[in-house]
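Could you build the full structure based on these sequences and the hints that come with them?
Below are the chains, spelled out letter by letter.
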Amino acid sequence: QQQVKQSPQSLIVQKGGISIINCAYENTAFDYFPWYQQFPGKGPALLIAIRPDVSEKKEGRFTISFNKSAKQFSLHIMDSQPGDSATYFCAASTSRTGRRALTFGSGTRLQVQP
Amino acid sequence: DAGITQSPRYKITETGRQVTLMCHQTWSHSYMFWYRQDLGHGLRLIYYSAAADITDKGEVPDGYVVSRSKTENFPLTLESATRSQTSVYFCASSDLGGGRETQYFGPGTRLLVL
Numbered sequence: 097q098q099q100v101k102q103s104p105q106s107l108i109v110q111k112g113g114i115s116i117i118n119c120a121y122e123n124t125a126f127d128y129f130p131w132y133q134q135f136p137g138k139g140p141a142l143l144i145a146i147r148p149d150v151s152e153k154k155e156g157r158f159t160i161s162f163n164k165s166a167k168q169f170s171l172h173i174m175d176s177q178p179g180d181s182a183t184y185f186c187a188a189s190t191s192r193t194g195r196r197a198l199t200f201g202s203g204t205r206l207q208v209q210p
Numbered sequence: 012d013a014g015i016t017q018s019p020r021y022k023i024t025e026t027g028r029q030v031t032l033m034c035h036q037t038w039s040h041s042y043m044f045w046y047r048q049d050l051g052h053g054l055r056l057i058y059y060s061a062a063a064d065i066t067d068k069g070e071v072p073d074g075y076v077v078s079r080s081k082t083e084n085f086p087l088t089l090e091s092a093t094r095s096q097t098s099v100y101f102c103a104s105s106d107l108g109g110g111r112e113t114q115y116f117g118p119g120t121r122l123l124v125l
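Chains as they are written, first to last, in my numbering: chain A, 97 to 210; chain X, 12 to 125.
There may be inaccurate statements among the hints.
Which stretches of chain X does chain A cover? Using the computed rule of at least three CB atoms under 8 angstroms from a CB of chain A, they are [claimed, not checked]:
(1) 21-31
(2) 55-69
Result set (DSSO-like, lysine-lysine): computed pairs, CA atoms no more than 30 angstroms apart in a straight line [unchecked claim]:
(3) A:LYS138 - A:LYS153
(4) A:LYS164 - A:LYS154
(5) A:LYS138 - X:LYS68
(6) X:LYS68 - A:LYS101
(7) X:LYS22 - A:LYS138
(8) A:LYS167 - A:LYS153
(9) A:LYS138 - X:LYS81
(10) A:LYS111 - A:LYS153
(11) A:LYS154 - A:LYS111
(12) A:LYS101 - A:LYS154
(13) A:LYS138 - A:LYS101
(14) A:LYS111 - A:LYS138
(15) A:LYS167 - X:LYS81
(16) A:LYS154 - A:LYS138
(17) A:LYS154 - A:LYS167
(18) A:LYS101 - A:LYS111
(19) A:LYS101 - A:LYS164
(20) X:LYS68 - A:LYS164
Derived by calculation from the structure, the hints in this document are not laboratory data.
Yeah, the Cβ is synthetic: ideal placement off N, Cα and C, and Gly gets one too.
Written out as structure tokens, the structure reads:
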């Protein structure tokens, strides 16, 4: 059972454009929603994260939009740059159990063309 | 500042052999995790540990064994490797608590089982 569904699988954007990646979750116990960025041959690294008490969080060119009622959240990359070309994973976790592990989406490969 | 390291970085083995992947972190984080990354599946949790001598199964634990005798080390053992265990394995650690949720990932181990 895939608890976090991510789309699209791949995305090609022109330099300066907006990249949008969407995720939907099923488990209403999730209370932490991070996005991770992964470059080839590297481990994932935290990009930005949000909690369900806010609807939007912005850090530089990266924005998370969160819709609790729809159980959806998305990553927007403004003014996309070739250096943003990477694989992006949404994830979710809950603090209600001792597990605290992340449930990941399947990933989106972003290519920003110069 | 070594952070979190994994060894070996690459490993080729044969079916039926035992393989141990090492993970070491220098932050004294309480939580450690093992994920596997496969195309189309994102990262899936194999095992996690909340503290030394406390481990528990994740989403895909079959065929794997973990131990955590010291806070800084979290080895993952494939008792009898199978071709389906060909994957990229990531170790992560986190100092969960007080609102801190970030998981820090190692560089990964690419395992090929022939």
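Now the hints, each set against the structure:
no. : hint                : in the structure
1   : 21-31               : violated (count 0)
2   : 55-69               : holds (count 6)
3   : A:LYS138 - A:LYS153 : holds (26 angstroms)
4   : A:LYS164 - A:LYS154 : holds (17 angstroms)
5   : A:LYS138 - X:LYS68  : holds (25 angstroms)
6   : X:LYS68 - A:LYS101  : holds (22 angstroms)
7   : X:LYS22 - A:LYS138  : holds (16 angstroms)
8   : A:LYS167 - A:LYS153 : holds (16 angstroms)
9   : A:LYS138 - X:LYS81  : holds (26 angstroms)
10  : A:LYS111 - A:LYS153 : holds (23 angstroms)
11  : A:LYS154 - A:LYS111 : holds (20 angstroms)
12  : A:LYS101 - A:LYS154 : holds (22 angstroms)
13  : A:LYS138 - A:LYS101 : holds (23 angstroms)
14  : A:LYS111 - A:LYS138 : holds (23 angstroms)
15  : A:LYS167 - X:LYS81  : violated (39 angstroms)
16  : A:LYS154 - A:LYS138 : holds (25 angstroms)
17  : A:LYS154 - A:LYS167 : holds (19 angstroms)
18  : A:LYS101 - A:LYS111 : holds (27 angstroms)
19  : A:LYS101 - A:LYS164 : holds (15 angstroms)
20  : X:LYS68 - A:LYS164  : holds (29 angstroms)
In summary, the structure is inconsistent with hints 1, 15 from the numbered list given earlier, while agreeing with the others.
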